[in-house]
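Which chain is which? The protein sequence lines are A and B, in order.
Note that our numbering has the first sequence beginning at 1, numbered continuously upward.
Note that our numbering has the second sequence beginning at 1, numbered continuously upward.
Honestly, the hints are just simulated from the structure, not real lab data.
No incorrect hints appear here.
Restraint ranges, calculated between C-beta atoms of paired labels, are given here: (1) A:Y444 to B:I48: 38 to 46 Å; (2) A:G302 to B:S46: 24 to 32 Å; (3) A:L384 to B:P41: 45 to 53 Å.
Virtual Cβ for every residue (Gly too), placed ideally from N, Cα, C.
Here is what each chain is made of, one letter per residue.
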Amino acid sequence: MNIAVIIPLVVFLVIIFGVGFLASRSLTKSDQDFMQDYFLGGRQLGGFILAMTMIATYGSASSFIGGPGVAYNEGFGWVLLAMAQVASGYFVLMILGKKFAIMARRYNAVTLTDYLKGRYQSKWVVLIAAFSIIIFLFSAMAAQWVGGARLIESLTGLNYTSALFIFALSVLIYVVIGGFKAVALTDMIQGVVMVGGTLILLIATIIAGGGITNIMADLTAENPSLITPFGAEDSLTPSYVSSFWILVGVAVVGLPQVTVRAMSYKSSRAMHRALIIGTFVVGFIMLNMHLIGVFARPILPGIEVGDTVIPLIALEVLPAWVAGVVLAAPMAAIMSTVDSLLLLVSSSVVKDIYVNYVKPDASYRRIKRMSFGVTAILGILVFLMALNPPDLLIWLNLFAFGGLEATFIWPVVMGLYWKTGNKYGALSSMVVGIGSYIIIDVFYTSLFGLHSVFFPVILSFIAYVTISLATKNLALNDYSEQQKMEGSL
Amino acid sequence: MPSQEDYRFKIANREALIGVGLAVINFVWWFAFAYGLGSRPPEEYSYILGLPSWFFYSCIGGFVLIAALVTFVVKVFFVEVPLEDEGRGDRS
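Using the sequences provided together with the hints, build the complete structure.
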């Protein structure tokens, strides 16, 4: 449709590929630590890369495509809600912090599941963890693919299926080849593009709307509720909006794609830098992308599919080639999220299940081939699922988020800071978390006006503590083992 | 193997508590300004830089405040420690 838009986007993708290939060449040099390198980048991430890779992973299709689309419809109330995500910029790294990094090294853990295996020494904890990662991250990934394809669709005018095909192909080639290091490096580039793109788009949108005061007047004239914290139909209650602090703010601690990054940094200096950079960047992007969504309303009234607000406003307010560069930002966000999710699911299959329980003596070559193969097969499966996508991109994504958080938050956090916590507690916490989340989400949608993740997080906490205390005597051996690992006997 | 509780874990515990404290401050600020100033009818809103004051203080002010606080606590209270275990590191 629009060559001037497509060219910068293609150039961007080519650069990303280039980096992936370079990273994969450094991968083949260090043979014996393939697993650590492929899945974790050899624990060598510096501060800037760490911050960017966390944001790029987390700031996904929902923050660049879905979120601004909802803000377009709901007004400032949704921007307020989105700001709960600022907490994720510092909370995860501060809570997991140095202890998680140290313990992950002691357990020789490469994935979140490895960590849980080291901490709880239980086959069932590992299997449930791997299982829930595969199921939930699969849905999260499908949501991202739909977002990526929609973006290409609205840019190029190709039909959805071809758009999805292009997207899938570019992601796959590159993850299969490069592994974590490639993903982390390109995350960094993508993070930089996201920040720049957001700023340019915001300024252009404000200018196109005739200044902020003008835009505010237009919004108030259309519907005064748009500028209140309560949403266009006054339906966003304080308790509902506040419960998003759990979903997208603090409980992010339990997301496997985020925790894996909290074990991959090089030094505590890197972590300190990442804390500062991460907080600034995540706040900047969330605030401005959602503001763009709201500001787009008077400029382009009557957009029906929320997911298309950002591509359309960019094409409207920017010269074509700049729009191409700016739209590389959401493209970057989506690609990097997909990359790391894909890698996580495949590491769950290969490492957590295959190497742990199917064939512990698998040769290095075999593991390597398995890793590439499983990653590719998973990609194809997601492609098939995304061919016929459900309409609600954000719902799918947030459903997966909530499910993972309810599963993992307490086994991870309490496992780190509470010595009495044991495998029975972890197991029941995971089962209660997943179970209650699915029941509440499917049957009630929101209980007492709170987001459906709220109660499962509380229930799984109660389960963890009570069962751990009740089985304290059963797990005395595990307890002293744990004390030894922590070096306090 | 160290016989005392690893000194690094004390540091880690304190930093985790700081994280919780920051999140509480962040939430209270965000909530108080948003619903404190934003619950009036929209006609009575005042504006700062063209934006409704509840939004300006809660979201923009809150973000700037918390970013400054994070920078401050990291620079002042966070301690650099080695992450590898000496003598038993998994790989050097």
